[in-house]
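Work out the full structure: start from the sequences and follow the hints.
Each protein sequence line maps, in turn, to chains A and B. Counted from 1, the first sequence has number 501 at position 54 by the numbering used here; the numbering is strictly sequential. Counted from 1, the second sequence has number 176 at position 186 by the numbering used here; the numbering is strictly sequential.
What the hints contain is simulated information worked out from the structure, not anything from laboratory work. For every residue, glycine included, the Cβ atom is placed at its ideal position computed from N, Cα and C. Be a bit skeptical, because a hint or two may be false.
[Said to hold, decoys possible] Cut-off 20 Å, straight-line C-alpha distance, at most; resulting in silico cross-link-like pairs (EDC-like, lysine to aspartate or glutamate):
{"#": "1", "chain 1": "B", "residue 1": "142", "chain 2": "A", "residue 2": "503"}
{"#": "2", "chain 1": "B", "residue 1": "144", "chain 2": "A", "residue 2": "493"}
{"#": "3", "chain 1": "B", "residue 1": "144", "chain 2": "A", "residue 2": "452"}
{"#": "4", "chain 1": "B", "residue 1": "142", "chain 2": "A", "residue 2": "542"}
{"#": "5", "chain 1": "B", "residue 1": "142", "chain 2": "A", "residue 2": "450"}
{"#": "6", "chain 1": "B", "residue 1": "144", "chain 2": "A", "residue 2": "450"}
{"#": "7", "chain 1": "B", "residue 1": "144", "chain 2": "A", "residue 2": "503"}
{"#": "8", "chain 1": "B", "residue 1": "61", "chain 2": "A", "residue 2": "471"}
{"#": "9", "chain 1": "B", "residue 1": "142", "chain 2": "A", "residue 2": "493"}
[As the list claims (entries may be wrong)] So the derived list for chain B, only partly shown, Cβ under 7 Å to chain A, looks like this:
{"#": "10", "residue": "30"}
{"#": "11", "residue": "34"}
{"#": "12", "residue": "74"}
{"#": "13", "residue": "75"}
{"#": "14", "residue": "78"}
{"#": "15", "residue": "115"}
{"#": "16", "residue": "116"}
{"#": "17", "residue": "119"}
{"#": "18", "residue": "138"}
{"#": "19", "residue": "139"}
{"#": "20", "residue": "162"}
{"#": "21", "residue": "163"}
{"#": "22", "residue": "166"}
{"#": "23", "residue": "173"}
{"#": "24", "residue": "176"}
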Amino acid sequence: MTDLELRAYLLGHASDGSAARLEEQLLEDEDLFAALRSTEDDLFDDYVRNRLTPAERAQFVARYQGGHEGGHEGGHEGGHEGNSRRLAFARALAERTAAPATASSVNTASPSGTPRMGRYWLPLAMAATVVMAVGGLMLSRAGDVSPDDRAAVSPEPGVAATTATPAPTPAIVPPLVATLVLGVSRSAGNVAVIEVPASTPAVELRVRLNPADRFAQYGVELRSPANVIAWRGDGLMAVTEGQELVLVARVPADALTTGVHEVSVFGAHANATPEMLGFVTVQVSRIP
Amino acid sequence: MVDELLPKRGRDWALAALDLERLLLLLDDDRDHAARTYEHLRHRTIGLLRWWGASNGEDLADLTLDRVARKLSEGAEVPRDSVGAYVRGVARMVFYESRRDPHVQADIVALTVLPAVVDDGESQTLASLDRCLAALAEAERQLVLRYYGEGKAKQVRSQLAAELGVSATALRIRAYRLRERLERCVEAGVEAPR
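Structure (C-alpha cells):
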C-alpha cells in the first residue's frame, strides 16, 4: 500500500471497493494501521504548512472539519474536538520545526513586490484582485485618538463625529476595521497594509465578496508570516450591504504579528466541499 | 487478562464470556496472545469507526466486537484470515445504526459547526510542546524535529533512515509512535498547565 493510496483513502478519493479492502487489511495489520495514522499526521502537517493543493485543502476541510456524510469518507479522530487538538498540535510542531531562514523569508517581498507565498497560492494570487481599502479605525476611546492611530488608518466618517468630546476614562476599545475586496480579474493583487496599535483588541476584517459567491457559510483563514494558520473563523455568514456581499471576520489582535499575512476565504453549502473564493495579502505592522 | 475484557460488555456476563471465548479462539490458539490480539483489533476498530466519522468510536467498537462474538456463538463461520473483513462488515452495520440514533445525529450535526481557533490555546499548546520535547531523550527529540521538520519530507526521511540504519517503514512507525506520545503529553499539559 503506497503513501499515495493511503492519502487518497484519507481524502476520500478511493473507490468504495479499494476503501473496503484497505479497511479490511488495516483491521488485521497493525503496521498498516500505523502507516495510515502516520499518513494522516502528514496530512495535518501539510494542511497547517500550506502544502496541500487547493483541491486537497478543500477535501481536507470537508473530511476533517465537518460536513462529512459518513461512508469511508470520514476521517475523525475522536470527533471534531479530536481534530481540533490534532490541528493545534500540528501548528505547534510547525512553529517549533520552522527553519529560521524560511520563516524570515516569508516576510521578504519578491522583486515584483508581491510577497512570497506557498506554491499553490500563486495562481490564486494572480486571480484575486485585491482592491484594498483599509477602513476606519474606530478607536473610540471617547475621542482620544492618538496621532499614531490616525496615521494608521483613516477614521470612519460616522465615528469621527464622536471624537470631539473627551471622556475621562477609556471605554471599550472597538476593533480596527479593515475592508478587503476579493476580486475576480486576472490582474495582480495589491498588498493591503494594516497598522495595528497595541491597544486594539481585534481587527474586524470586512471582506467584500463577489455577489455571485453566495454560500450558506463561509470560512476565513489567516496565515502568519511563518506560514502557519494564526487564526481561523468558520461558520461565518455573509451580509448584504446595499449591492455588496460582505463577510465580516473579527480577528483577535493577538493573532496578528508584524509581517505579511495571507487571508483566504472559503464558501460552503451544507454537506458540500468548501470552495476557495480567493485571498488577500495583508502587511501587518504592530505599533507599540 | 481475558477477564479484563469482560467488564466492558453490557450484556449478561456469563453469556458474554462464552461468546468472547469463541472470538478469542478465532483470533489465536494461545489464550493470552488472543487477548492481546483482541485489544489490538479493538484499537484499530475504534480508529476505523472514527475515520468513518463516529465520535463515539470506543462504544461502537465494543458493540461491534460484542456482536461479532455473538454471531460466532450463533454459528457464524469465519475463517481466521477473514476476521478483518468480517469485523469491518459488522462495524459498518453498527456505524449505520448509530447514525439513526437521534443522540448521535445531534452530535454529528454539531461537528459541522467549526469553532474558531483560540489563540490562547495555541500558545499554550506550543509551550506544552516545548516541555514535552524537552522531556524526550536527545536522540528522540532530534528524530521528531527532523522527521517532521521543514524541507522535502521524502529526502529528509530517507537520509534520516540511512543515518539510523533502519528501513523507511521502521522509521515511519518510530516517528509515529513518538508523535503519539508527544500528542498525549501536550494534551495533558494543555489541560493542566504547569
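Each hint, compared with the structure:
1. B/142 / A/503: holds (18 Å)
2. B/144 / A/493: Measuring from Cα to Cα gives roughly 13 Å; hence the hint holds.
3. B/144 / A/452: Holds - the C-alpha atoms of residue 452 of chain A and residue 144 of chain B are around 16 Å apart, at most 20 Å.
4. B/142 / A/542: The hint holds at about 17 Å.
5. B/142 / A/450: Holds: residue 142 of chain B and residue 450 of chain A sit about 15 Å apart, inside 20 Å.
6. B/144 / A/450: Status holds; Cα separation ~11 Å.
7. B/144 / A/503: holds (19 Å)
8. B/61 / A/471: holds (18 Å)
9. B/142 / A/493: holds (11 Å)
10. 30: holds (6 Å)
11. 34: This interface hint holds because 5 Å falls under the 7 Å limit.
12. 74: Because about 4 Å separates residue 74 of chain B from the closest Cβ in chain A, which is inside the 7 Å limit, the hint holds.
13. 75: Interface hint status for residue 75 of chain B: holds (4 Å vs cutoff 7 Å).
14. 78: Since the shortest Cβ distance to chain A is 5 Å, the answer is holds.
15. 115: holds (5 Å)
16. 116: Given a least distance of 4 Å, the restraint on residue 116 of chain B holds.
17. 119: Holds, because the Cβ-Cβ distance from residue 119 of chain B to chain A comes to roughly 4 Å (cut-off 7 Å).
18. 138: Because about 6 Å separates residue 138 of chain B from the closest Cβ in chain A, which is inside the 7 Å limit, the hint holds.
19. 139: Holds. Min distance 4 Å.
20. 162: Constraint on residue 162 of chain B satisfied, holds at 5 Å.
21. 163: holds (5 Å)
22. 166: Holds, about 4 Å.
23. 173: holds (5 Å)
24. 176: This interface hint holds because 6 Å falls under the 7 Å limit.
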